[in-house]
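Residue numbers (this note's numbering), protein chains in the order written: chain P, 351 to 691; chain A, 351 to 691.
Possibly wrong hints are sitting among the right ones.
[To be verified] Partial chain P-side listing against chain A, Cβ under 7 Å, derived:
(1) L488
(2) V595
(3) A607
Read the hints as simulated data drawn from the structure, not as lab findings. These numbers come from a predicted model, not from an experiment. Even glycine gets a Cβ: it sits at the ideal position worked out from N, Cα and C.
Protein chains: 2
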Amino acid sequence: MSMAVVAVVGAGSWGTAASAMLSENAAVRLWARRPELATELRATGRNVAYTGELMISPAVEVIDDLSDAVEDADFVVIAVPSHGLRGVLAQVADILAERTIVVSLTKGLEQRSLLRMTEVIEQVAPKQRRAAFTGPNLVHELIERLPAASVAVSEDVATATAVQSLFGNEFLRVYTNTDVIGAEIAGALKNVIAIGMGMVDGLGFGVNAKSALLTRGLAELTRLGVALGGQASTFAGLAGLGDLVATCTSAHSRNRAFGERLVGGRSVPDIVSSTTTVAEGVRTSSAAVALAAREGVDMPIVKVVAGVIAGELTARDGTRELMRREAGDEVAGVVGRSGTF
Amino acid sequence: MSMAVVAVVGAGSWGTAASAMLSENAAVRLWARRPELATELRATGRNVAYTGELMISPAVEVIDDLSDAVEDADFVVIAVPSHGLRGVLAQVADILAERTIVVSLTKGLEQRSLLRMTEVIEQVAPKQRRAAFTGPNLVHELIERLPAASVAVSEDVATATAVQSLFGNEFLRVYTNTDVIGAEIAGALKNVIAIGMGMVDGLGFGVNAKSALLTRGLAELTRLGVALGGQASTFAGLAGLGDLVATCTSAHSRNRAFGERLVGGRSVPDIVSSTTTVAEGVRTSSAAVALAAREGVDMPIVKVVAGVIAGELTARDGTRELMRREAGDEVAGVVGRSGTF
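Input sequences plus hints: build the corresponding full structure.
Shown next, in the form of structure tokens:
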């Protein structure tokens, strides 16, 4: 049996790391949008700005023409930011093979449409099968080959299993799940909770406060996911709880770090301009608020984070607001269900 | 209205910190078993070995006679290790006022009977009302008055509300819950998962592996709790997820630190003899395995941790075993439910 051909679309940290990992199981083409980055990757085998000292195997073909990269590929693995996914895929949707499985590594919601990433993929490339790959997978740890577990998610079991086989290796255990709604909502919105967690860190609060916020945050995400047709068990699993814990406890999470900087009093544009990559949660926060409003779901934490990002309240006031809300629930005397949010 | 009279039984870290906190809302008597500790507390206002520089208000009456401490108290708050609770309470059960509410701060299971702490309290003092107080409450953060949230748990709503009022203050938000089974099983067994988490830390694995283990660990605890009659929502709340996250991420958790030392190759008796207090999870692990066997619930993580503590396998082999089990689930091809454990 010949090796599967995989096109990885996007040479940021996740895309570059995924190329290195997948090159052990598959023939990999890595698309870099900027020709100078493609040149650097080919010449040095490294992508210093995104993955530091990680060596990409010479077997990985680095390509700066998107059509060449995806042509006749068995898998197209997309690792571009959420706002770029539609445009990038639209450029090549017509030339994708029918058997191609399009896999999203991107966690986010499209801003105006409020669509999940596989929904955008379905609109742009309706003939192909699609999946999401998610879970607690901090890239710098995957690069170090530290043990991890992730989830291949598709409504179609055979597609999920194909993605599971593609990504699985001795240090990365891959499970399957058919609840695409739950997994993608969890993956997108956990970045917003992580920003809130960073705000709590920035104010010097401790593990007790963060654990309470994480607990209430997951309850909020679960409420929205279930309202949209997802399953609560997905939120209790690797794509939900697992990913949320990883993002919220990692010292390397861009979203958590963003929240921490917000408390320092810096403006959102100022923070954004000082970093190479925009924390996905920044974009997701307003989309999440719109989605919650559309579905009639109460999401106080997401709302406060979005308000701070929109400049409607300061990070300090926002964090205090979160603590006050907690008191509110208590005063309301909700017995029995309390402790859950 | 006169102030409630509270006897805090046990002057370890939690008991001492609780006395300091409660002295803002109530007249507190703190029982110290060792007369020399009582003398130190009275003379210096501190309990250096357990709570460092924390000053205990002179209004707290430090008593070394247990009967004097609990006599006619409105609340008896028990903060002794799980193996000591029955014996201590039995000494004074006959003299407790009927109106006394006995509150357990202790997280653990009685070794042979496999009873939860409030079940032991019920056997020893059946006439009094009882409650548990639990959640993500790392003592050193409560001492610093960092914001936190906890849960007052009793089958009887009025009792839970009374405990909520007793403990609640401007920095500690207290919720109520009537699911005593779920809250106590979660509180006891999270210490075992925390030991497993420490083993993973000791082997130098990262956040991805820990997040996966925490997710699977909570699923294990939930399965047992539900089998015993508890509610899954309690495990998703502060007493479950909240407490587990706090214990597993804290640098100060005795249970997590114990697991880390196990990987260093030190024997259990050696580690135990080098610390002032025994990590509760050490005792709970074997009781948890017995309880899981009795209820026919599969608890692979708890089983491995108990096996390492019992000296049946090394911490290194045990941690590898946990990773292998994960592969096992994958090979079994459990689609849909995977990601949950």
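Original post:
Okay, which hints does this one fail, numbers in order?
Top reply: 3
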